[in-house]
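Guided by the hints, dock chains D and G onto chain Y, whose structure is given.
Chains as they are written, first to last, in the numbering used here: chain Y, 1 to 354; chain D, 1 to 377; chain G, 1 to 574.
Worth flagging that the hints you see were computed from the coordinates, not collected in a lab.
Being a predicted model, the structure only gives us computed values, none of them experimental.
Possibly wrong hints are sitting among the right ones.
[As the list claims (entries may be wrong)] Here are the computed lysine to aspartate or glutamate pairs in the EDC-like style, where the Cα-Cα straight-line distance is at most 16 Å:
1. Y:K253 <-> G:D344
2. Y:K350 <-> G:D69
3. Y:K90 <-> G:D523
[Claimed, not checked] Listed next, the stretches of chain Y that the computed footprint assigns to chain G, with coverage defined by at least 3 CB atoms under 8 Å from CB atoms of chain G:
4. 54–64
5. 91–104
6. 178–190
7. 216–223
8. 344–354
Heads up, the beta-carbon is just placed ideally off N, CA and C, and yes, glycines get one too.
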Amino acid sequence: MTSTRRQFLKGSAGVLVAAPAILSSVRSYATPDVLAGAGIDYDKARSEGPVRLWYSDQEPDVVEYVKIFTDKTGIPVQPSRLATGAALPKLKAELQTGNVSVDVFNCTDDGLFDQLREEGLLLKYETPALSNYPKEYKSADPGYWTTFYINVGPMAYDTRYVSEAEAPKLWEDLLDPRWRKQIGVQVVSAGSQYAWWYNLKDVVAPEFWTGLAAQKPRSYATSNQMMNDVNSGSLKIGGKVSIFQYTKAVRAKTPLKIVLPPAGTPASNAVTGIIAASPRPNAAKAFVHYLLSQEGQQGWNNIQGSLSARSDVKIPELPSLAETRILVPKDFSDYRSAKRHKEFETVWNKVVGF
Amino acid sequence: MNANANSKFGEAFIEVRNLTAAYGQNIVVRDLSLSVAAGEHLSLLGPSGCGKSTLLRCIAGLEDPLDGEIVIDSKPVFSARERINVPPQKRSLAMVFQSYAIWPHMSVCDNVAYGLRVKGVKRSEARQAARRALEMVGMESFIDRPATDLSGGQQQRVAFARSLAPSPKAILLDEPLSNLDARLRANMREELKELQSKLKLCTVYVTHDQEEAMAMSDRIIIMRSGRIEQEGSPTDIYARPRTRFVADFIGASNIAEGTLKAINDSQAVVDVRGAMLHCRVGDTAYAPRVGEPCEVAVRRIFPQLATQERSDLVNQWPATVTSKTFLGDVVEYVVEYPGGEFHVQATPLVALNQGDRLFVHVPPEHAMLISTAAREN
Amino acid sequence: MTGANATAGVPLRRSHRSWSAAVLVPLAILAAFLCIPLLMLVSSAFNVGDPQQFPVREFGVDNFIEVLDHLDWIENTLIISSCGTLLAIAIAIVISWTLCRTEIPGRKLLDLLIAIPYPLGPLVGALAWHQLGSTHHGLLNDAYRWLTGSHSSLINTSSLTAITIITALFEAPVAIIMIGAAMQRMDPSLEESSAMLGGGLFRTAVTITLPLMLPAILSAGLFLFVSMGGAFAIPAILGADERIYVVTTAIYQLFQGFPPRYPLAAAMGVVLVTIALVALWLHGFILRGKTYAVITGKNYRPRRIKLRQPVKGILIAMLWLYVVVAVILPIGTLLLAALQPSSDISFYPGNWTVENFRFVAFDFETTRKAIANSLILAACTGAIGAIAATALAWVVYRSRSAGRGLLEQATMIPQAFPHVIFAVGFLWTILLLPLPIYNTLAALLLAFVILFLPLAFRSMSGVVVQLSPSLEEASRVSGAGWLTMFRTITVPLLGTGVLSTWALLFMISVREVSASVFLSGPDSQVLGPAILSFWDSGGMPRVSALAIIQAVIVLLALIVVRWAVSRSRVAMTN
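The following block holds chain Y by itself, in its conformation from the complex:
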């Protein structure tokens, strides 16, 4: 074959191969309003395929929220529920094999997330919404992780089984012998449980924890499960529930009451961030952009019933951020440290009898 003919064949073959790509890219999508200013290539975001989201929140809530996002942006999402404790080794394993299957990680353990940031595993993405978040609700170098809801952890009880008079008002009331074996907490691997202990330990006496262990509290994998037992009467006090459980209960007209002691209620940041190794950066950014926007925050927190870090978001059933005394971590490097985690594990294993 002569060289010209070969070149011609190569060229036409190349055109044939490229034709679909060219044609599809010729058809450009209009960026939806909600993603305006997101700083992404929208067409790329659409073609990158479904955003793979890891989360540990309640499945129905996430599914509902994700549907709204996809409706508004046309970008599909593939959510997978993972307990935080299970997610990290999986992530590490996937990074090892080079086959990362997660783009956006919604995590209830902010300390863990900061660790990831330090290891360079997160993508820095500065969405314009960041300016609405006070500094304790985002990474010190903004853009790596941001709080997408504040997980406040009050006590809770059902007035059908516990009267308001006898209900605990202070944290120390949990040590009352009448609540023996009737207090619920979460398992040691729950990120929010660590934060709760970390933030509470500074306002209670050190003996509080041994006292709590002596009460033989029951451990639950999720607060949802705990709430079921509170509502059915088999558990009298939810020692640490998530505030959105309260919101949901109010909406379902369940007689649930929460206790926000004057000393303060521990809370943890549920944070969102993009994994640097993600093969779908545009789609991931679109997701985070929307989640942190006012519309996304209002949508998500309304669905779940939690507190947003943005002051321009209001959930009708809850007091506003300004009205409640919340205990959040101040020193992140201490909060993140392995030393503290080990301390927590030792204390908590005793508390739950593991």
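Chains D and G in isolation, oriented as in the chain Y frame:
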């Protein structure tokens, strides 16, 4: 020891030379040679464990011998020296198994036609052949029935029909009647014999039942511990057992042990505890020498019992009846004589009782001298 | 040299002592898949350096010393294992004796119903009994309180006793089948001679039947002991309220920790495996030389004893009690819960809804995928497992190669691994090896095939052994080559046996939870972990709906098994 084909039948169709075979860890066939002619019916008779089934399976190709040669229809199918081992499907033999091996998932027709279908015969032709084969065994009305419908005896016939359908040149049978009850067995034996005489197939038939072997065979090989103990026609073996084993196996015998006093080509005298027993010599090649211990076999039907002594007879002694057993067609007496004991089978017409004194006479031509020397092979 | 007509067939002088490739290759594969996970487990157990470091660099015994701090886990496991085994064996003896040796009405129905609890699975049982017997909200306790007006509860399913009993109830059918099979192979004249000599019913049963059954009973007992030691679902669901941990649930918790505490988990695993291996060795020692597979022996028609009242009534009541407690109540409760719109149970059909079923089967992607994945995984496990088991049974029982006995032993070894332990070792194995099967169904498939191999082998060896070699020899003598023989004789005759093994594996694969909870990932969700995770999230109606769907799938497969078994019995009677 060779057991060559009866010359009446012509050339050997199946030849086995110096075959040695094992079953598991044991050698069960030792350096055995035999041949079977086309049209001849050979029975391999012996107790269990003597190697007869293994030998048959070696001929079929279902077992691999350790050494020796097997030639079928002038073609070597096994040779240890030349490393030949033709697989069973290529040996063109027919075989009937002890368990009949009727395939339960097929109809009778499919079972019988299998051998033809495997060779590529068209379905309709194969069905014809199957029908003919089934007619031969009287099972043609079962042709389309499922195999699971058959009783034991019916399965046996179908197994036979299956082996005949491809018109084989030789057929191997491994104790085909042993799973049937006595009456059925007797009937089947008759039928098989009829079929035999019609078809004149080269047959190798393994059995442990001496009646079967005698009824059906042109020639019998008695096997023991992997070797041939004796071979010959049924009457031959019956009349002239060479060893105690054969005498015991075929027919019911008395064995008298004694010392050889005199011998010539055809007769001998044995001292049985003082009683002089005159007997016949079967095969001088195996006869013991004077003064050596030996045995004499006397079939139970032959001793004659009489109340009177007769003067001109040898082998006559006074005797006492020590026991009497009524077996229906036959009455068996045990009589004590100076040399020991004889079991005597008599008709019920001879009415004797326990304790009766009489005379027992053994015609010398019905007493066989048996060697006790170790057999050479 | 060779004759002109010579046809080279099978090799000459096949020495009966040589090891053929058919034995060596499977042995090598099995050895690899059993030893490597075990090695990973053991090495992690001795790891005193970074818990997540693979391969392990620093070795020490610290983890085992730490195990001593948690002896209550081992104690709980041993209590459940030993007491549960005793209870299950007792149940099994009574039930199998009554079903096999006596005449009672409704025998066939009882036979079918009693086979259900095992494939139904401990997960279903645990969920149901939690719903029935939890102190505050359990249906039975509510009924009791309503009936008697008392404030206390009748039963507490969160206690160690309850866990033991419920585990025993759901594992008993295995023992029933094993002991029943032995009873059917017993020569009835052994009992009849006792009767002739004057032995009454009870005396005969206790002094003749029972001792003769002892090998089968011991066999079943040791199998159950190991199986219950690895119980996961029941302690996980019922033990949470009272903070009762067993080794398997403790391992699971340790895996959830931050960082996951692999070495301690591995040390616990090693302890459990050691106990199981000792039990297995003990079993082999006691039975010395007898094989595991149910083989040979003529099938007698056992004489059936006609019982008199009140014994008859008592036994029938006991059997039906078992059926109620292990089948009817659990399925009924879950069905009831699945039809509810909320966690409160209403008995009024007007309030019922099928919304939950629709949700988990169609609307909710995670569960929809889990159901689909489970079906695919189960079908593949069944296919590969049945074929592998057939090939292995063939080599063990038909070939004459040396090493067959060893191959059979090796095939049975996965029994000694509690599923959780194997899954853990297997997980580390596949992470370390350059196989990209992590987080795929392939990882689960491989693990399942190995774990269920003993069961499949046991099932197929019965079929292979019953297939008389003369059926194939007749075919070959008739002129059929190997392939034709295979196609026309072997495959059709084995067919129903293979089908029943397939269906058996299908059932077991669907109901498996202990191994899959470790090996399944976000992309490879299957029913067991999905149900557990759903349970964690709360919402009894939806969990129940999912559990009912699993139960239906399993029951359909059970029907296939029984149909196939009855067909193969017809084909084999010759």
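Taking a Cβ-to-Cβ distance below 8 Å as contact, does the region 344–354 of chain Y have at least three residues touching chain G?
This one holds; 4 residues, not fewer than the three required, reach chain G with a Cβ under 8 Å.
Quick one: see if chain G covers the region 91–104 of chain Y, three-plus residues with Cβ-Cβ under 8 Å.
holds (count 7)
Run the distance test for Y:K350 versus G:D69: straight-line Cα separation, threshold 16 Å.
The given pair, whose Cα atoms are some 12 Å apart, holds under the 16 Å limit.
Is the straight-line distance between the alpha-carbon of Y:K90 and that of G:D523 16 Å or less?
holds, 12 Å
Do the alpha carbons of Y:K253 and G:D344 lie within 16 Å of each other, as the hint requires?
Given that 16 Å is the threshold and the Cα spacing comes to 14 Å, the pair holds.
Are at least 3 residues of the region 216–223 of chain Y within less than 8 Å of chain G when you compare beta carbons?
It holds: at least three residues are needed, and the region 216–223 of chain Y offers 6 whose Cβ sits within less than 8 Å of chain G.
Claimed coverage, the region 178–190 of chain Y by chain G - three or more beta carbons nearer than 8 Å:
With 3 residues closer than 8 Å to chain G, the region 178–190 of chain Y meets the three-residue bar; holds.
Can you tell me if the region 54–64 of chain Y counts as covered by chain G, using C-beta to C-beta distances under 8 Å and a minimum of three residues?
holds (count 4)
In this structure, every one of the numbered hints holds.
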